[in-house]
Amino acid sequence: MNDGEYVIQARDLVKTYTVGKRRVEALRGIDVSLAPGEFAVLLGPSGAGKTTTLNLVGCLDLPTSGDLTVAGHPISGNGARPTEAALDLLRRQHIGFIFADFNLLLTLTAMENVQVPLIWRDATAPGRARQLLERVGLAHRLTHRPDELSGGEMQRVAVARALINQPDLLLADEPTANLDTRTRDEILELLAELSTEGVAVLLATHDHELADRADTVLRIEDGVIADD
Amino acid sequence: MSWTAIALKNLWRRPVRSVLTLAGVAVAVAMLFNLLEFQRGYERGLRGELGDLGAHIMIVPRGCPYEAATIVLHGGKWPRYMEQSWYDIVKQTDGIEATTAIIMDAIIRDGGRENIIYMGIDDDYPKLRASWSYAGGGWFPADDSAILGSSVAARMGLEVGDTMTIEDGSRVAATPVKIGGVLKRTSTQDDGLVFLPRETLQRIFNLQGKLVVILVKLHDVTKTDEVASALRQASADADAGMNVFPLSELLNTLTALLSSTKVFVLAIVVVALVIGGVGVLTTILMAVFERTREIGMMKAMGAGRLDVFRLVWLETLMSTFAGGLLGVLVALLSGRGVVAVMRHVLPHTPADFTIGFTAETLWVCIGVSVALGMLAGTYPAWRAASISPIEAIRGGSA
Ligand SMILES: Nc1ncnc2c1ncn2[C@@H]1O[C@H](COP(=O)(O)OP(=O)(O)OP(=O)(O)O)[C@@H](O)[C@H]1O
Ligand SMILES: [Mg+2]
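Each protein sequence line maps, in turn, to chains A and B.
Quick note, the numbering used here runs 46 ahead of the 1-based positions in the first sequence.
Quick note, the numbering used here runs 6 ahead of the 1-based positions in the second sequence.
Just so you know, the hints here were simulated from the structure itself, not pulled from any lab data.
Any given hint could be a false lead.
Stated by the list, open to error - Straight-line distance between alpha carbons at most 20 Å, and here's what the computed SDA-like set of lysine to any residue pairs gives:
#: 1; chain 1: B; residue 1: Lys15; chain 2: A; residue 2: Gly75
#: 2; chain 1: B; residue 1: Lys216; chain 2: B; residue 2: Glu205
#: 3; chain 1: B; residue 1: Lys15; chain 2: A; residue 2: Leu151
#: 4; chain 1: B; residue 1: Lys15; chain 2: A; residue 2: Ala169
#: 5; chain 1: B; residue 1: Lys268; chain 2: B; residue 2: Arg46
#: 6; chain 1: B; residue 1: Lys15; chain 2: A; residue 2: Gly198
#: 7; chain 1: B; residue 1: Lys15; chain 2: A; residue 2: Gly123
#: 8; chain 1: B; residue 1: Lys268; chain 2: B; residue 2: Asp174
#: 9; chain 1: B; residue 1: Lys15; chain 2: A; residue 2: Glu194
#: 10; chain 1: B; residue 1: Lys15; chain 2: A; residue 2: Glu267
#: 11; chain 1: B; residue 1: Lys15; chain 2: A; residue 2: Pro172
#: 12; chain 1: B; residue 1: Lys15; chain 2: A; residue 2: Thr189
#: 13; chain 1: B; residue 1: Lys15; chain 2: A; residue 2: Arg74
#: 14; chain 1: B; residue 1: Lys15; chain 2: A; residue 2: Thr153
#: 15; chain 1: B; residue 1: Lys15; chain 2: A; residue 2: Asp253
#: 16; chain 1: B; residue 1: Lys15; chain 2: A; residue 2: His190
#: 17; chain 1: B; residue 1: Lys15; chain 2: A; residue 2: Gln139
#: 18; chain 1: B; residue 1: Lys15; chain 2: A; residue 2: Pro91
Claimed, not checked - Derived DEER-like restraints, expressed as beta-carbon distance ranges:
#: 19; chain 1: A; residue 1: Glu71; chain 2: B; residue 2: Glu296; range: 33 to 39 Å
#: 20; chain 1: B; residue 1: Thr10; chain 2: A; residue 2: Asp58; range: 43 to 49 Å
#: 21; chain 1: B; residue 1: Ser392; chain 2: A; residue 2: Glu71; range: 24 to 30 Å
#: 22; chain 1: B; residue 1: Leu14; chain 2: A; residue 2: Asp77; range: 43 to 49 Å
#: 23; chain 1: A; residue 1: Ala169; chain 2: B; residue 2: Gly54; range: 56 to 62 Å
#: 24; chain 1: A; residue 1: Tyr63; chain 2: B; residue 2: Val280; range: 38 to 44 Å
#: 25; chain 1: B; residue 1: Glu296; chain 2: A; residue 2: Ala238; range: 32 to 38 Å
#: 26; chain 1: A; residue 1: Arg127; chain 2: B; residue 2: Val269; range: 55 to 61 Å
#: 27; chain 1: B; residue 1: Ser340; chain 2: A; residue 2: Arg127; range: 49 to 55 Å
#: 28; chain 1: B; residue 1: Leu312; chain 2: A; residue 2: Thr170; range: 17 to 23 Å
#: 29; chain 1: A; residue 1: Pro120; chain 2: B; residue 2: Thr10; range: 46 to 52 Å
#: 30; chain 1: A; residue 1: Thr170; chain 2: B; residue 2: Val269; range: 47 to 53 Å
#: 31; chain 1: B; residue 1: Ser392; chain 2: A; residue 2: Gly118; range: 25 to 31 Å
Just so it is clear, CB atoms sit at the ideal spot from N, CA and C, and this is done for glycine as well.
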């Protein structure tokens, strides 16, 4: 990720789903660029195309057309044709995800959950996992399982897990949807802090109040990003 | 966190379901184990028994040779007799090291509860019996004397020098005989027999000039076929109705008889394995469906198809492997019961017959369990590997 100063560079991204004979234009040509350490909020109503955008920049799905570069790797446009394995590797090395419902493994402790992304490399890093859990304020919850944690604590574990591979990009899809306002603000604060430490954060939400803490606000509606 | 730990924890999530699945595999593997070890034990027992007989060829009267063989091996009432003169024909045949002519009869009392089998022998008999030695006394001191097998002696409380009376209503007139010898335990049917000089038995039981079996020991076992055909020729020349029966053939016949049973049991084992395998497959598949979100999340976090495949496959292998081990354990615990049942079912079972434990059978069972896991795990693992992270994470709350 040395060349190019942006973590995400997307130009004219189009995503069209075909459901039976119907074509759904989820994204109709959006431009997104995100610099390291930038905290951007993707703000829009339900069905606007937020999740679709995150899926594309998160390399979980490929755009129908448009240019996309993530962490210096060409994903779409200019003849780029990454393999599935290449995308897996890219996600593993450069991208962390958090979701509204925390998606932790219920059988594992906080420490173990944080280290799950390392399994595929047959690695463990208990020291780093502990450090990250301390960083998100869970020093006292290391060996707790998800059912012994509050929603806010679970989301903190998910954040620590997303950070274990030292990603350049953190993608958060409605990370506070299942939390009360106080916890929401705490998580938001945490993400904002992380961005100041160098991680680019892209947070998708319909909640206007979250936009206040952002460096950049991208308003999306009907698959198009409105000019500010 | 290791792969195995994750797989184990996944299995442990639904312990009852996992244990039931595992039990299905265990039952099939236990059956397989018993089948293989049964085969071994049976052949071993039979070989030992035929070896104890010390003979290579058995000559019986025409009739069903298997029935005859069973009676020779286990004792019982003889259906047909042959002429003593045939013994001389046998003796004159080339290639024979030793031969002995035997007459048998039994006295059955209490509707079969007390059953004494008498065997009339000559002094060639001990030559064929490597295991013969005396606990007391020795060879017949007189015509009206007897040698007792160890268990008969114990059962009747008789010692050397005592007298026993042979009688059977109007058929056998009361005849006292002196105990001339008691044998040491041989672990063969000899332990349960009362031996009399051949002529004495023929006289007491009114079977003058009759024999039930002639046993032949050869100089060279590889010449069995030649000697057998020479004997058949001699029998035909003398117009005698000998049924010349190499014991190796008897072994083959009895094992062939067993193998038809075995094929049947094997078919059941295969069905059990398939059922066990399908049980594993559905369980793991259910687990994969239940964990769709979790697997999708793993893929989002950078797990490749192969990683997910490996994890689910490992889970399957672990359950069938554990099932296999449990099955072997069950087989070892149930072995005695199986032997008892088989004694009822089969026409002939060797006296010294157990279901044992051999490393080879263990490896076969473990191998089959692992192969079963590989087969059963492939489809669920493939399904898991094909889960789309987008759809998994989108679809419903966990
Ligand atoms: N796999 C798909 N197949 C068909 N249509 C889809 C698919 N995924 C998304 N869409 C459609 O694309 C549009 C954008 O969906 P998307 O999930 O990106 O919205 P969103 O902004 O995340 O909404 P929400 O706030 O409700 O999560 C919607 O109209 C949706 O129905
Ligand atoms: Mg969405």
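Here is what the structure says about each hint:
| no. | hint | result |
| --- | --- | --- |
| 1 | B:Lys15 / A:Gly75 | violated (45 Å) |
| 2 | B:Lys216 / B:Glu205 | holds (10 Å) |
| 3 | B:Lys15 / A:Leu151 | holds (10 Å) |
| 4 | B:Lys15 / A:Ala169 | holds (18 Å) |
| 5 | B:Lys268 / B:Arg46 | holds (12 Å) |
| 6 | B:Lys15 / A:Gly198 | violated (25 Å) |
| 7 | B:Lys15 / A:Gly123 | violated (43 Å) |
| 8 | B:Lys268 / B:Asp174 | violated (43 Å) |
| 9 | B:Lys15 / A:Glu194 | holds (17 Å) |
| 10 | B:Lys15 / A:Glu267 | violated (43 Å) |
| 11 | B:Lys15 / A:Pro172 | holds (19 Å) |
| 12 | B:Lys15 / A:Thr189 | holds (15 Å) |
| 13 | B:Lys15 / A:Arg74 | violated (44 Å) |
| 14 | B:Lys15 / A:Thr153 | holds (6 Å) |
| 15 | B:Lys15 / A:Asp253 | violated (38 Å) |
| 16 | B:Lys15 / A:His190 | holds (15 Å) |
| 17 | B:Lys15 / A:Gln139 | violated (26 Å) |
| 18 | B:Lys15 / A:Pro91 | violated (40 Å) |
| 19 | A:Glu71 / B:Glu296: 33 to 39 Å | holds (34 Å) |
| 20 | B:Thr10 / A:Asp58: 43 to 49 Å | holds (47 Å) |
| 21 | B:Ser392 / A:Glu71: 24 to 30 Å | holds (27 Å) |
| 22 | B:Leu14 / A:Asp77: 43 to 49 Å | holds (48 Å) |
| 23 | A:Ala169 / B:Gly54: 56 to 62 Å | holds (58 Å) |
| 24 | A:Tyr63 / B:Val280: 38 to 44 Å | holds (42 Å) |
| 25 | B:Glu296 / A:Ala238: 32 to 38 Å | holds (36 Å) |
| 26 | A:Arg127 / B:Val269: 55 to 61 Å | holds (56 Å) |
| 27 | B:Ser340 / A:Arg127: 49 to 55 Å | violated (60 Å) |
| 28 | B:Leu312 / A:Thr170: 17 to 23 Å | holds (20 Å) |
| 29 | A:Pro120 / B:Thr10: 46 to 52 Å | violated (38 Å) |
| 30 | A:Thr170 / B:Val269: 47 to 53 Å | holds (51 Å) |
| 31 | B:Ser392 / A:Gly118: 25 to 31 Å | holds (29 Å) |
The structure is inconsistent with the numbered hints 1, 6, 7, 8, 10, 13, 15, 17, 18, 27 and 29, although it conforms to all the rest.
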